[in-house]
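Participant: Sequence:
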Amino acid sequence: MRDNFWPGIMRAVRVGLLATLAGAVVVGCGGGDGGGAVPPVVQANPTTPWEVMTAGDIAQCLLRPPRDTAAEKTAKLVERQLADAGSNSNVLTLGDNAYFLAGSNLGYTDCYEKTWGRFINKTFAIPGNHDYEGGDSNDYFGYFGAKANPDGKRTGYYRIDQNGWTVFALNSNIDATAASVQAQWLKQELATAQPCVAAAWHHARFTSAPDGDNTKMTAMWDILDQAKADVVLQSHEHQYERFAPMTADGTLSATGGMRSFVVGTGGAETYAHATVRAGSEKQLETFGVMRLSLSAGNAKWRFIDVDNAVRDEGAFECRKK
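Each residue of the sequence shown is one higher than the one before, counting from 1 in my numbering.
Straight-line Cα separation of at most 27 Å, DSSO-like style, residue types lysine-lysine; simulated pairs: (1) Lys147 with Lys114; (2) Lys147 with Lys187; (3) Lys76 with Lys300; (4) Lys122 with Lys300; (5) Lys147 with Lys216; (6) Lys228 with Lys320; (7) Lys228 with Lys216; (8) Lys76 with Lys282; (9) Lys320 with Lys282.
No wet-lab data here; the hints were simulated from the structure.
With the sequences and hints as input, model every part of the structure.
Facilitator: Below you can see the structure in the form of structure tokens.
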């Protein structure tokens, strides 16, 4: 949710760290030193879809114990979906993973750990503004460890390669302007991306929420769109919303642009949409998670609420690169 956050600019440096997690390969931040990126290694025979369960704005236990929260309901939903998906599956959080008192780790140890922490070994994470509470991100990086910090420098961005897809986990809490280290890293990594490309970060670029669009990731959107990336996943607004393909300035495009989703429905209290923005194709105000089925050349999505009802679904082909 919208709040003040510390826009600390973290310098990314090159590392050759590769960590496997449930068949996926994580490549750490390449940095802005002008050198080539570590070549990604991809699953050899992706015969089944890579199933990814995703949502943000999750563990909020300030007024009730974990077992009585919406995060517990969505955690049970994720567990059911992971069991159905089998071994070729992961969880991707979209930031604001835990809400806590500034300077404490209680949001993770007393709330996230007891809900979404049950599948930590399958989880890739992205930081949100509440993960930087009190001007620090020790709680986020301390809890998720190397999976969310593969370069060891707390930049909060990295890439994942699997099933002919590259997923760029980006950090919308730090400098994301066109000249930033993060943007230069993204440009470099796109040169070796898989045929299908997704990006995920916290602050929603386009939204029908009361505060409206967030422009801080405009440059990153443009970089991705120019490379013909396919889809962007975000949260920050405590709602579900699906958008038609759009360019970085919000122009609807039948021949270009990236489709996007806002999935801020992981457990923090939801709120209503305001005026529906141009390009918005679906709006929901209910707790749930998105299940993405990523295959070579295409993807399917389903938004599933905590009562196991599919509230939105569809499919798309990846853009020709």
